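*Asks:* These protein sequence lines are chains P and Z, in that order. Once you know that position 300 of the first sequence is 300 in the working numbering, the rest is easy, because the numbers rise by one and skip nothing. Offset between the second sequence (1-based) and the working numbering: plus 411.
Some hints here could point you the wrong way.
Some but not every residue of chain Z turned toward chain P, in silico, with C-beta under 8 Å [unchecked claim]:
1) Gly425
2) Val427
3) Arg509
Calculated pairs, BS3-like style, for lysine-lysine (alpha carbon to alpha carbon, straight line, at most 30 Å) [to be verified]:
4) Lys285(P) <-> Lys141(P)
5) Lys475(Z) <-> Lys459(Z)
6) Lys478(Z) <-> Lys459(Z)
7) Lys285(P) <-> Lys418(Z)
8) Lys478(Z) <-> Lys500(Z)
9) Lys418(Z) <-> Lys141(P)
Calculated Cβ distances over 10 Å to all of chain P for the following chain Z residues [stated by the list, open to error]:
10) Asp457
11) Arg467
12) Ala471
13) Pro493
Since the hints were made in silico from the structure, they are not lab data. Given the structure is predicted, the values throughout are model-derived calculations rather than measurements. All C-beta atoms, glycine included, are put in the ideal place defined by N, C-alpha and C.
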Amino acid sequence: MTTNTHTQTTPWYFNPMTILVTGCLIAIVNFGIRSTFGLFTLPISVDHQWPREVFSWAVALQNLVWGIGTPIAGMLADRYGSARVLMAGAVMYALGVIGMNYSNTGLVLDFTAGLLVGLGVAFSSFSIVMAALGRLVPPEKRSWAFGLATASGSMGQALFIWPVGQTISSYGWHTSLIALAAMALVIIPLSLPLLIQNTNKSATVKGETVMTMSQAIGVAFAHPSYLLLVAGFFVCGFQLAFITVHFPPYLAEHGISKEVAWLAMLMIGLFNVVGAYMSGIIGGKMVKRVPLSAIYFARAALYTIYILTPISVTSTLIFAACIGFLWLSTVPLTMGLVTVMFGTRYMATLYGFVFLSHQIGSFLGVWLGGKFYDIYGNYDQVWWMSVGLGVFAGLVHLPIRELRAKAFAAA
Amino acid sequence: MNFHGHKFALGFFGAVFVVWVVVMVLLMRNAALPAEATGTMLAVFDPKVSDTEALRIIGAAQGKIFKQSGLSFAWIVTADEPGLAGRLKSNGALGAYRELPISPALAGCFAVVDTKVEAIFH
Chain P
1 MTTNTHTQTT
11 PWYFNPMTIL
21 VTGCLIAIVN
31 FGIRSTFGLF
41 TLPISVDHQW
51 PREVFSWAVA
61 LQNLVWGIGT
71 PIAGMLADRY
81 GSARVLMAGA
91 VMYALGVIGM
101 NYSNTGLVLD
111 FTAGLLVGLG
121 VAFSSFSIVM
131 AALGRLVPPE
141 KRSWAFGLAT
151 ASGSMGQALF
161 IWPVGQTISS
171 YGWHTSLIAL
181 AAMALVIIPL
191 SLPLLIQNTN
201 KSATVKGETV
211 MTMSQAIGVA
221 FAHPSYLLLV
231 AGFFVCGFQL
241 AFITVHFPPY
251 LAEHGISKEV
261 AWLAMLMIGL
271 FNVVGAYMSG
281 IIGGKMVKRV
291 PLSAIYFARA
301 ALYTIYILTP
311 ISVTSTLIFA
321 ACIGFLWLST
331 VPLTMGLVTV
341 MFGTRYMATL
351 YGFVFLSHQI
361 GSFLGVWLGG
371 KFYDIYGNYD
381 QVWWMSVGLG
391 VFAGLVHLPI
401 RELRAKAFAA
411 A
Chain Z
412 MNFHGHKFAL
422 GFFGAVFVVW
432 VVVMVLLMRN
442 AALPAEATGT
452 MLAVFDPKVS
462 DTEALRIIGA
472 AQGKIFKQSG
482 LSFAWIVTAD
492 EPGLAGRLKS
502 NGALGAYREL
512 PISPALAGCF
522 AVVDTKVEAI
532 FH
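The following block holds chain P by itself, in its conformation from the complex (with noise of 0.2 Å):
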């Protein structure tokens, strides 16, 4: 292992604020897509006469391969470069889109909504846009960076739902797939001031050290903290996808209208990106895992409250604001993390493998929501079990030793 050192005179269109405003779009378009395939349950179900499972198991199975593909496209982004990453994922994620349009059975909805768009969403994510802002952008900017992309992924998500609602009521939900596709390949254009990011040939951000990827992930699972964060993000992943899936259908047995429901909803997303680029501030103000602690132990506190009080249209606005606060915080500090730990030359890698985590915990947290459902006839035990899982995440965050791990140290 030896150290690099690596300069680059920047033309402009390399610039960092360049390249943090494509970035930030890229994640707005990303998400913003992805959040949007809701709505096309009915029309899609409709039309086929398919039973609602048919189109949720495809969007199911997307959200398993977006966890899988993760890490997968972070290995290739750390050893060719953000930039074809992403350019190769708007692609997939296009054809995963349009070919939505031409699945006539479940099987090739799978292939397209399920396979392509997974794949599409997991290479072109705002993870492979925040590691090249994380090479790209100075230490000291790196946290709030990081802050903005999840705030603009965040920002997507509420952006998209009504024009897109919009273009299906009045276009249909074929021309409505056909725009999203286009605005999906819009993500190669703003790739391109990304090409300066391209770590192919070793290229490493100077001071840091150079080791192959499968020496960086071998050291990355043997360091305690490493591990700890890993286990800490699956409770993320838990909480947040039991809220997303069983929240609104809990409030509907409380005697919560659906517009409340939709409202509340609405809250958590916007919410959300405040929190996302407050959290960004925060980590590169102090240590990132008292934070990231006291994210989890509030969450706790907050699902304890909410479910001991009598739920109320009043509760639910202010659970609603609360959890949307504490929602992709998260990310800039977990990310930060890992940046802290292992530098930036194979961080898209080990965030890829993080956020797996994250994923199997939102499998887990949306399934056995509904499991418990139907053996119980309610979703207290998946409650409580969220309370027990936020304080367990917040006190594995606690010991993580946030210095640079021995081996990642430049020589």
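Starting from the known structure of chain P, fit chain Z onto it as the hints suggest.
*Replies:* Frame of chain P; chain Z shown alone:
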């Protein structure tokens, strides 16, 4: 990197929001139903219009409330006679649109389209 982070973020999000508003205005203009349209539709009013005034306009347009939209300035209305969209507009509504396929499901980190949500709310 020589810029102030928060100003940059505010400018970026502000610019994105402005573009979004422009796109929405264009979309809504094209999405407005023609005057002769009838059936079930979304009647949109000026947000300053009171519920009483909105109900008066719907009544004057010979429409009936189908259901609430959840937004005070938008009502889902219906009529059998042709021309409901035109009558709503001439009586003071901002416009009439097809109902949006929005449901209270957020596609977060795990965007599963839940059949239970659909079954409960639709």
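*Asks:* Against each hint, give a clear statement of whether it holds in the structure.
*Replies:* Right, here's what the structure says about each hint:
| no. | hint | result |
| --- | --- | --- |
| 1 | Gly425 | violated, 11 Å |
| 2 | Val427 | holds, 7 Å |
| 3 | Arg509 | holds, 4 Å |
| 4 | Lys285(P) <-> Lys141(P) | holds, 10 Å |
| 5 | Lys475(Z) <-> Lys459(Z) | holds, 21 Å |
| 6 | Lys478(Z) <-> Lys459(Z) | holds, 20 Å |
| 7 | Lys285(P) <-> Lys418(Z) | holds, 18 Å |
| 8 | Lys478(Z) <-> Lys500(Z) | holds, 19 Å |
| 9 | Lys418(Z) <-> Lys141(P) | holds, 14 Å |
| 10 | Asp457 | holds, 18 Å |
| 11 | Arg467 | holds, 22 Å |
| 12 | Ala471 | holds, 25 Å |
| 13 | Pro493 | holds, 20 Å |
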